[in-house]
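Asker: Residue numbers (my numbering), protein chains in the order written: chain A, 4 to 289; chain B, 4 to 289; chain C, 4 to 289; chain D, 4 to 289.
Source of the hints: derived by calculation from the structure; they are not laboratory data.
Here the structure is a predicted model, which is why all the values come from computation and not from measurement.
Be aware that a few hints might be false.
Which copy is meant is left open, because identical chains are indistinguishable; a pair holds if it fits in one copy or across any two.
To be verified - Lysine-lysine pairs mimicking DSSO-like chemistry, simulated, CA-CA at most 30 Å apart: (1) K24 <-> K231; (2) K24 <-> K227; (3) K205 <-> K269; (4) K24 <-> K205; (5) K95 <-> K255.
One letter stands for each residue in the lines below.
Number of protein chains: 4
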Amino acid sequence: MVEMNNFGIIGGDKRQIYLAKSLVADGYNVYTFGFDQAEEIKGTIPASCEEIALLCHNLIFPLPVTFDGVYLNAPYAKEKMLLTDHLAGQMKGKRIFGGMISRLKATSPLWEQAECLDYSTREEFAVQNAVPTAEGALEIAMRESLGTLNGSRCLVVGYGRIGKVLSDMLAGLGAKVTVAARKPSDLSWISLHGYQCLDIHKMEGNTDFNFIFNTVPALIFYRKLLSKLSTDCLCIELASTPGGFDFDAAEKLGISVIKAASLPGKVAPKAAGEIIKNTIYNMLEE
Amino acid sequence: MVEMNNFGIIGGDKRQIYLAKSLVADGYNVYTFGFDQAEEIKGTIPASCEEIALLCHNLIFPLPVTFDGVYLNAPYAKEKMLLTDHLAGQMKGKRIFGGMISRLKATSPLWEQAECLDYSTREEFAVQNAVPTAEGALEIAMRESLGTLNGSRCLVVGYGRIGKVLSDMLAGLGAKVTVAARKPSDLSWISLHGYQCLDIHKMEGNTDFNFIFNTVPALIFYRKLLSKLSTDCLCIELASTPGGFDFDAAEKLGISVIKAASLPGKVAPKAAGEIIKNTIYNMLEE
Amino acid sequence: MVEMNNFGIIGGDKRQIYLAKSLVADGYNVYTFGFDQAEEIKGTIPASCEEIALLCHNLIFPLPVTFDGVYLNAPYAKEKMLLTDHLAGQMKGKRIFGGMISRLKATSPLWEQAECLDYSTREEFAVQNAVPTAEGALEIAMRESLGTLNGSRCLVVGYGRIGKVLSDMLAGLGAKVTVAARKPSDLSWISLHGYQCLDIHKMEGNTDFNFIFNTVPALIFYRKLLSKLSTDCLCIELASTPGGFDFDAAEKLGISVIKAASLPGKVAPKAAGEIIKNTIYNMLEE
Amino acid sequence: MVEMNNFGIIGGDKRQIYLAKSLVADGYNVYTFGFDQAEEIKGTIPASCEEIALLCHNLIFPLPVTFDGVYLNAPYAKEKMLLTDHLAGQMKGKRIFGGMISRLKATSPLWEQAECLDYSTREEFAVQNAVPTAEGALEIAMRESLGTLNGSRCLVVGYGRIGKVLSDMLAGLGAKVTVAARKPSDLSWISLHGYQCLDIHKMEGNTDFNFIFNTVPALIFYRKLLSKLSTDCLCIELASTPGGFDFDAAEKLGISVIKAASLPGKVAPKAAGEIIKNTIYNMLEE
Chain A
4 MVEMNNFGII GGDKRQIYLA KSLVADGYNV YTFGFDQAEE IKGTIPASCE
54 EIALLCHNLI FPLPVTFDGV YLNAPYAKEK MLLTDHLAGQ MKGKRIFGGM
104 ISRLKATSPL WEQAECLDYS TREEFAVQNA VPTAEGALEI AMRESLGTLN
154 GSRCLVVGYG RIGKVLSDML AGLGAKVTVA ARKPSDLSWI SLHGYQCLDI
204 HKMEGNTDFN FIFNTVPALI FYRKLLSKLS TDCLCIELAS TPGGFDFDAA
254 EKLGISVIKA ASLPGKVAPK AAGEIIKNTI YNMLEE
Chain B
4 MVEMNNFGII GGDKRQIYLA KSLVADGYNV YTFGFDQAEE IKGTIPASCE
54 EIALLCHNLI FPLPVTFDGV YLNAPYAKEK MLLTDHLAGQ MKGKRIFGGM
104 ISRLKATSPL WEQAECLDYS TREEFAVQNA VPTAEGALEI AMRESLGTLN
154 GSRCLVVGYG RIGKVLSDML AGLGAKVTVA ARKPSDLSWI SLHGYQCLDI
204 HKMEGNTDFN FIFNTVPALI FYRKLLSKLS TDCLCIELAS TPGGFDFDAA
254 EKLGISVIKA ASLPGKVAPK AAGEIIKNTI YNMLEE
Chain C
4 MVEMNNFGII GGDKRQIYLA KSLVADGYNV YTFGFDQAEE IKGTIPASCE
54 EIALLCHNLI FPLPVTFDGV YLNAPYAKEK MLLTDHLAGQ MKGKRIFGGM
104 ISRLKATSPL WEQAECLDYS TREEFAVQNA VPTAEGALEI AMRESLGTLN
154 GSRCLVVGYG RIGKVLSDML AGLGAKVTVA ARKPSDLSWI SLHGYQCLDI
204 HKMEGNTDFN FIFNTVPALI FYRKLLSKLS TDCLCIELAS TPGGFDFDAA
254 EKLGISVIKA ASLPGKVAPK AAGEIIKNTI YNMLEE
Chain D
4 MVEMNNFGII GGDKRQIYLA KSLVADGYNV YTFGFDQAEE IKGTIPASCE
54 EIALLCHNLI FPLPVTFDGV YLNAPYAKEK MLLTDHLAGQ MKGKRIFGGM
104 ISRLKATSPL WEQAECLDYS TREEFAVQNA VPTAEGALEI AMRESLGTLN
154 GSRCLVVGYG RIGKVLSDML AGLGAKVTVA ARKPSDLSWI SLHGYQCLDI
204 HKMEGNTDFN FIFNTVPALI FYRKLLSKLS TDCLCIELAS TPGGFDFDAA
254 EKLGISVIKA ASLPGKVAPK AAGEIIKNTI YNMLEE
């Protein structure tokens with residue numbers, strides 16, 4: 004029988020495993036599909052999609068639901084699962100939570116009969132994920148550097164969510180923080196937080212940094228700007244492709260650029276799973 | 004002759020005096036009208052509006068340009084100046100910077116012939132003014148209290164610009180900070196900054212505070228909520244009228260509520276003048 | 004009958020009044036002498052010294068016990084009380100807590116028969132009092148300045164308890180903090196906290212500050228150094244007499260120096276009273 | 004000829020390599036012995052001990068000078084070098100800087116004829132090394148954990164140099180920090196910094212932590228206390244042997260304890276080398 008205290012988790016990586024554990028810890032019954040190759044997730048009940056549809060009203064798909072638009076994103080499943088009309092038909096009337104859920108809806112018109120909700124586009128989801136992203140960036144910086152972040156000159160490019168969290172954390176470690184941004188109001192925020200501010204269009208005048216963290220998905224560090232950096236400067240790319248660095252030029256100039264994409268799921272899957280849970284709880288309350 | 008390095012300052016309070024001084028320090032020629040009752044503003048040249056119009060392209064009016072829609076806001080002028088068609092006609096083709104400039108435009112259709120720009124509606128203006136507002140609030144809290152902010156339990160209501168700056172400053176002094184907000188993304192920000200977060204709709208469950216700073220211009224502290232506060236709790240109202248407190252109820256309950264409006268001009272006129280200058284510089288660059 | 008849950012409070016200013024209230028709030032019976040001119044201290048019982056000696060084992064004297072070595076420090080007493088052999092004799096066998104208690108012991112040899120303990124020389128007492136001192140200094144800086152502490156250039160001279168607390172608080176408000184000290188290990192601490200550090204013997208090279216807070220009780224700001232400061236710079240003297248400034252020279256040079264002594268009792272008597280209480284509790288536990 | 008701008012570096016690990024580089028960058032002539040198996044240290048001149056003694060007045064030995072009291076600590080040397088009377092005799096009249104230099108002096112009475120100075124016992128050396136130690140601890144915590152430090156409950160045991168730096172950094176990352184200490188004045192400092200404080204003798208009442216960092220070299224986490232921790236709690240041992248944990252008990256209880264000794268040289272050899280340099284500069288100035 005459908006029970007409001009049941010959740011079905013269909014596919015996903017480590018984040019969904021920790022999401023499942025966290026739901027169990029909150030007292031929910033959790034049915035899982037697509038984790039037969041993972042270690043047992045204590046307290047959850049493995050089930051088929053059909054069973055899950057019978058037992059649960061709220062179903063949670065991974066982020067992204069699918070990489071290729073054909074198969075479910077389910078790295079811990081023994082067999083790949085096709086996203087078919089049949090599956091969509093089973094889910095009629097259900098409330099489906101997913102990340103990048105438009106990709107799911109594109110697989111069958113029958114998903115229209117379910118209530119499909121995307122947790123990955125929620126503002127608070129993005130805000131919370133800035134934390135494991137920033138910590139992951141710090142971990143990389145600490146690991147790859149022979150010096151310390153304390154006392155180092157750090158440039159954060161971009162003052163969106165990740166730029167904000169990262170610059171606060173760097174300052175909290177005692178780094179000398181400069182933030183490059185464009186909007187006058189962002190420059191005001193940067194300045195009042197006590198960070199040096201830099202107009203993103205005038206970066207050539209100030210390039211003496213030990214660490215550069217880029218969060219802007221647009222080419223900023225082109226050849227000429229890169230050529231002004233010290234080869235001791237460590238660059239960490241946090242923006243999605245194509246990112247801010249001319250990688251070829253950087254390589255020729257001997258500048259290290261480390262691509263650090265999708266950090267939350269990699270460096271802090273437990274935190275990332277709990278962020279999905281928190282976001283879904285908010286959506287359920289609304 | 005009109006000279007681009009000239010500025011005309013027409014009316015205003017202490018903020019405009021410091022604005023004038025700061026422009027002089029930056030190397031501009033500054034002509035002033037409406038400060039004959041103030042101390043001499045070193046380096047500026049007193050002039051009539053007519054002279055200013057002849058000499059300057061950029062003219063700066065106060066915030067607000069006028070309180071009553073009839074006279075110029077000019078507390079340091081010996082005589083009140085009517086905002087007339089004649090004045091507006093003199094300003095044809097000029098670039099006019101003002102605060103709440105729509106009030107100026109309402110005084111004459113001839114203002115259409117000037118380029119009227121409002122610095123008070125710019126985002127970076129509001130951001131920067133959050134700083135003297137927050138410091139003014141801290142100064143009041145320190146002055147009125149017999150204890151210290153360090154170690155005290157502080158509630159900040161609202162997480163807009165002032166709420167953000169104030170909660171960071173309180174934490175920087177070592178207070179235990181709780182922030183009340185409504186949006187899930189704000190609650191995420193509050194939480195990741197390490198502050199206790201409180202749903203603004205569920206404040207009755209948590210009322211044990213030494214200081215409450217309200218920034219939300221809507222009645223939140225109605226009688227029942229006020230009755231749960233300790234009479235030792237000091238409330239500071241930073242929101243514009245009507246504000247967040249039922250003042251009558253507070254008085255009857257013996258709760259101190261201090262109204263602290265328009266703090267920047269009062270507690271830090273120099274900073275406030277420089278903020279106007281910075282904002283105008285940004286507008287000139289665009 | 005002597006009761007371990009009784010405390011006697013003999014003389015003192017507002018701090019002792021709040022100390023008394025705080026002891027009452029913790030459930031103790033509190034007998035007071037020397038507050039007949041103050042408002043009623045709710046929950047306490049006024050008594051004579053003789054009665055207090057009969058009822059209490061633990062007696063608390065003010066800080067300082069006496070200013071002149073002759074009379075009790077008791078600004079709220081109607082009549083001055085001589086510190087006599089008779090009083091000392093009544094206190095035989097009692098545990099006496101006082102501030103600068105050696106002054107009490109100097110009034111009569113009979114105090115040797117009591118256990119006289121000084122709370123004002125305890126390290127944690129001094130540490131805790133650095134907080135109201137630093138906040139008091141910030142309050143003065145905010146009140147006297149036309150600008151904001153945020154973004155201002157602040158110099159803290161000395162890196163003892165007050166220097167440490169004050170520099171952290173200034174940084175927490177977003178000031179640009181420089182600290183002058185002498186010992187290499189202090190300079191290392193200053194630097195790792197992200198503050199600019201300055202050798203106290205080489206201060207002439209760096210004098211561009213908006214605020215200077217001195218905590219070192221030795222002449223540092225002599226005429227030549229003062230002459231390099233801007234007249235806009237606000238100096239706050241936190242060290243005990245003679246302090247760090249040549250006041251005559253400062254006056255002639257038009258530099259404002261504000262003497263701010265004994266801040267805890269003035270700006271935060273409640274906090275100061277609780278600090279006395281906390282310290283006495285620690286002493287009772289040992 | 005002996006030249007005051009020459010430094011000789013005799014033995015050591017990566018820290019001494021970066022020390023050498025940093026001295027070169029400051030314009031000194033640097034002669035090195037014991038790095039024939041390392042990559043070329045740009046700008047330095049490999050030499051024998053005899054040559055170094057001829058050319059330099061200031062000689063720098065590693066930390067520790069020797070592990071076994073017999074051979075020089077020189078992991079990058081092809082052949083082990085005995086610490087002989089002959090070597091000591093060559094150094095007559097020289098100024099010798101070393102870490103744990105008493106071990107060097109124990110190898111020959113002839114060292115009495117040199118000026119032997121220990122940089123490793125200087126207070127500022129220890130203060131500065133607290134930074135790479137704390138960052139190394141954070142790097143381990145981030146790497147080993149599936150969650151984030153932000154928002155986690157962290158316990159720092161001990162409030163010496165490392166405890167102070169580490170608790171500030173954890174707070175700077177947004178962790179909820181508790182510090183356990185013993186002295187009332189330390190507890191006052193902890194509390195005024197806004198951290199929860201815990202009496203080190205009463206830790207059983209508060210054991211709900213995600214991370215525990217121990218800096219106290221005495222057994223604190225014995226079996227009974229360990230048994231109250233969650234198995235999800237990650238313990239990091241920063242104190243020198245024997246440290247604070249009963250490792251056997253921890254293993255049986257399934258509690259992870261990571262030993263993290265000598266972090267500066269391991270995680271930040273460049274920073275560690277510069278700290279040696281800064282300390283020697285201070286010693287030269289005195």
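Asker: Compare the structure with the hints numbered earlier in the document and write down the numbers of the violated ones, lowest to highest.
Answerer: Failing hints, ascending: 3, 5.
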